[in-house]
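**Student:** Protein chains in written order, with the working numbering: chain A, 1 to 260; chain B, 261 to 676; chain C, 677 to 912.
By construction, these hints were calculated from the structure, which means they are not laboratory data. Cβ coordinates follow ideal geometry from the N, Cα and C atoms, glycine included. Fair warning: there could be bad hints in the mix.
Restraint-style ranges between C-beta atoms, simulated for each label pair [said to hold, decoys possible]: (1) Lys225(A) to Thr293(B): 53 to 63 Å; (2) Val253(A) to Gly801(C): 50 to 60 Å; (3) Gly569(B) to Phe34(A): 26 to 36 Å; (4) Phe499(B) to Leu161(A): 54 to 64 Å; (5) Gly157(A) to Asp894(C): 10 to 20 Å; (6) Val253(A) to Asp894(C): 19 to 29 Å.
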Amino acid sequence: MLKILKYSFYDLMRSRWSYVYFLFYLALGFVLLFLNNDLSKAVITLMNVIIVLVPLIGTIFGVMYFYNSKEFTELLLAQPLRRSTIFLGQYFGVAGSLTLSLFLGLGIPFVLYGLFRSEAIFNFALLLITGAFLTFIFTALAFNIALSNENRIKGFGYAVLLWLFLAVIYDGLFLLSLIVFEEYPLDTFSLVATMCNPIDLSRTLILLKLDISALLGYTGAVFKKFFGTDFGLLVSLLVLLLWTLLPIWRLAVKSRRKDF
Amino acid sequence: MKHTLSYSKLLFFLILIGGGQFLMGRTITICPTCDVSSIKQGIASAMEYDTLLIKKGTYNEYNIVIDKPLTLLGEDYPVIDGEDMGEIITIVSDNVTVEGLFIINVGTSYTTDYAAVRVVKSENFLIKHLVLEKLFFGIYLEKANNGKVYHNKIIGDAVDEYNSGNGIQLWYSHHVEVDRNIVQGTRDGIYLEFSDQVTINNNISSDNIRYGLHFMFSNDDTYTNNTFENNGAGVAVMFSKNIRMRNNTFRKNWGTASFGMLLKEINDAEIVGNTFEENTIGINIEGSNRIDYTRNDFINNGWAIKVRGACYTNTFKNNNFLYNSFDISYNSKVNDNIFKENYWSSYTGYDLDKNGIGDAPYRPVKLFSYIVNRTPETIVLLRSLFMDIIDFSEKVSPVFTPDNLMDSSPLMQKTE
Amino acid sequence: MIHIKNLHKRFGKNQVLSGVELSIKSGGIYAILGPNGSGKTTLIKSILGMVIPNAGTINVLDTNIKNHWRYRKEIDYLPQIANFPSNIKVGELIRMIKDLRQKPSEEDRLIGLFGLEPFLDKKLGTLSGGTKQKVNILLTFMFDSPLMILDEPTTGLDPGSLIQLKKLIREEREKGKTLLITSHIMQFVEEVADQIVYLLEGQVYFKGTIEELKQKTDQVDVEHAIAAIAMQTTDA
């Protein structure tokens with residue numbers, strides 16, 4: 001698997017898109033720091049970008065890469081390699097290179113602005129970790145969709161729809177149910193609903209670590225009580241991990257039964 | 261004739277000395293090894309207008325009652341240790357000055373408000389350059405008028421509201437000047453109740469567990485150039501009239517129920533040139549009318565201004581609203597307040613005629629803040645893409661937020 | 677070498693292979709022919725394990741290939757469409773495949789044979805179809821495996837390279853290897869193939885030498901023989 005990972009990774013590292021992605025984050029980091037000149041402020045702004053863009057880019061990149069490397073995959077399939085090796089190798093190659101672009105693109109400007117001497121380093125680290133999780137989750141989901149759909153247009157459509165659902169529509173439904181059931185105690189519901197969506201979970205994790213958590217009022221206090229404990233953090237990380245592992249597992253299983 | 265002259269000379273001389281003594285008083289020196297080794301002893305032996313010069317040392321005394329016009333002057337900050345027994349200094353006479361003492365260990369009680377220094381029904385007092393530590397109440401003015409509390413440092417170690425006292429408390433005390441004090445770690449830094457015509461300037465009130473400054477039923481007061489930072493809930497101004505609040509700084513009052521300033525039932529006040537920075541809520545307004553908000557800076561607050569209940573005829577003009585999560589939150593659909601010529605950092609309009617005023621109005625109430633008002637739990641969707649989208653759509657065509665709640669002449673540049 | 681029993685494969689509602697029985701002995705060149713959609717590629721891919729059969733067993737070199745992958749070490753496969761990752765250079769691709777297979781290889785001779793030296797430092801995305809096919813052939817022929825499967829090997833080749841290819845194929849046969857080839861160029865088939873496997877409607881319709889095919893159909897050349905089979909079946 002490592003070999004496939006290595007080649008996919010090299011392949012992507014050479015692709016124009018990885019550079020675009022990397023340069024985008026580099027520019028974003030510098031611009032934010034130039035405008036704010038305050039690491040912790042920039043971290044907050046960055047959060048908005050990360051929870052929306054990272055999943056979107058992971059999704060689109062994943063689908064694109066999968067379809068574009070179809071013939072290459074077939075070449076590999078004829079080689080003495082296990083199938084799951086090929087797909088997981090490619091998957092980790094894509095997710096890994098995206099994560100690397102993210103880390104370097106944001107890391108360089110922040111380090112230059114004195115991240116290591118700043119208290120924002122933990123928040124920044126949390127941001128990068130959730131960013132990495134989101135990349136791995138959405139790339140895996142994208143691979144799943146692409147694997148199940150021979151038709152590229154359909155696959156793209158489903159992938160973008162999935163992103164749209166988790167990034168926007170889910171929150172809309174969440175909001176609606178909060179308003180409809182406002183007579184009832186909603187803390188547990190909010191907690192569970194947040195847990196079930198990796199984007200919401202990441203957003204909440206970051207928000208609670210940042211100072212803005214005070215804005216969340218009473219509900220925020222309930223959230224903080226849960227996520228602030230080691231147990232809560234552990235559960236959140238487990239959920240994120242589950243969100244990563246389930247699609248990867250399905251990818252491995254599905255790829256074993258797929259015809260090429 | 262000659263005798264008469266010398267007698268009259270003598271008489272003049274005597275009058276001169278006696279009068280001088282009457283005006284300036286004698287100085288009694290107190291030190292642990294002197295004849296007069298305690299403050300109580302010093303007060304007992306002093307005449308009116310004497311000065312008690314207290315030398316460096318530790319005096320374990322409490323219930324010191326100053327019942328005649330005296331000056332207590334500490335040299336090199338002598339320590340008065342109340343040993344947690346009760347009140348330390350009680351002033352019951354007019355014209356008393358207390359200066360330069362280091363007072364510690366005020367007794368804590370659930371029934372009596374023991375203070376480090378209490379002034380009772382007296383006038384023309386001056387409390388100056390004191391350092392108070394390990395206290396219950398700090399400086400307590402009780403029906404005491406026309407005095408001055410100047411440049412004291414009050415460092416409490418309050419943890420809970422129920423067993424802690426206020427730093428500087430005014431109760432039915434008018435025409436008092438509270439200037440250049442530093443108060444921290446008490447319940448309320450400065451507390452006013454039924455006290456009118458009070459000036460509170462240049463104080464720094466921070467890290468108090470309840471309010472940095474607390475007004476109740478006090479009218480015609482002014483506070484200027486104070487800094488209120490990191491207090492439990494900020495500054496509360498309640499049930500008072502004609503309060504002038506100028507050039508104060510309210511910073512870092514973070515917490516789920518925290519705010520920079522709370523206005524409750526306040527009428528005819530002016531709030532000018534203040535800075536509200538990094539508070540959960542900059543100003544929380546309830547039932548307050550006819551207030552001028554001018555040239556204030558609201559920077560990086562959760563909510564710059566949260567309006568609850570009926571608030572009428574308030575004017576917000578020439579303020580800067582910079583990078584607040586929410587600029588204004590309203591819980592009603594009716595608006596009778598005027599917003600004009602403010603600078604809003606989230607304003608995205610344009611100025612074609614280059615007159616410095618945006619051509620499109622700015623609507624400071626986001627739909628999200630309206631929804632949060634309705635169903636507080638929805639705040640968990642803060643900073644989600646969905647909320648940004650519906651905020652945008654509401655901005656384009658307002659449906660839920662008050663129609664006339666807008667700044668029709670938003671500034672393009674920050675006001676200075 | 678290869679034993680296929682009762683092989684069924686369906687894509688959705690489309691039954692592609694319905695009970696293929698095929699036994700291929702070691703050595704020689706087998707041309708797999710059949711009309712479009714007769715299941716040639718599906719059969720090849722089943723042997724390679726790229727298509728998972730609905731029923732039936734496939735044994736390659738005496739191993740049942742189900743859920744196995746190591747047997748592919750003994751197969752060299754030339755896919756029909758040569759599309760490679762576009763960012764990789766030709767030289768790197770060769771090194772990569774070598775790295776993946778971990779077998780001795782003779783790419784240098786083949787590079788010379790097809791005149792690929794000037795392209796080694798070019799990215800695959802910039803190559804023409806014919807050059808890509810040459811790279812494709814090179815990747816297949818550089819290893820020494822007992823079984824070779826070539827899916828439309830002549831696509832896009834210029835006459836010179838075609839001659840080289842035929843030469844290569846004959847060389848491999850001399851070494852005693854087994855080759856499965858699909859092609860639409862009957863002339864090419866006639867030139868190189870020892871045996872014909874004709875697929876029709878998901879089954880092996882005919883298996884035998886070219887001579888047997890000609891006899892059976894009463895035709896003088898392969899092209900007409902094949903056409904005759906098609907005619908017969910449509911008549912029937």
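**Student:** The structure should be examined with respect to each hint, and the outcome stated for every one.
**Tutor:** Verification of the hints:
1. Separation of lysine 225(A) from threonine 293(B) is about 58 Å and conforms to the stated range, judged on CB atoms against 53 to 63 Å.
2. Against the hinted window of 50 to 60 Å, the Cβ-Cβ separation of valine 253(A) and glycine 801(C) comes to about 33 Å, which falls outside the hint.
3. Checking the proposed 26 to 36 Å range against glycine 569(B) and phenylalanine 34(A) shows it is violated: the Cβ atoms sit about 43 Å from each other.
4. The hinted window of 54 to 64 Å between phenylalanine 499(B) and leucine 161(A) holds, with their beta carbons roughly 56 Å apart.
5. Between glycine 157(A) and aspartate 894(C), the C-beta spacing of about 55 Å breaks the proposed range 10 to 20 Å.
6. Taken as a hint, the range 19 to 29 Å is violated for the pair valine 253(A) and aspartate 894(C), whose Cβ atoms sit roughly 53 Å apart.
Hint check: violations occur at hints 2, 3, 5, 6; the rest are consistent with the structure.
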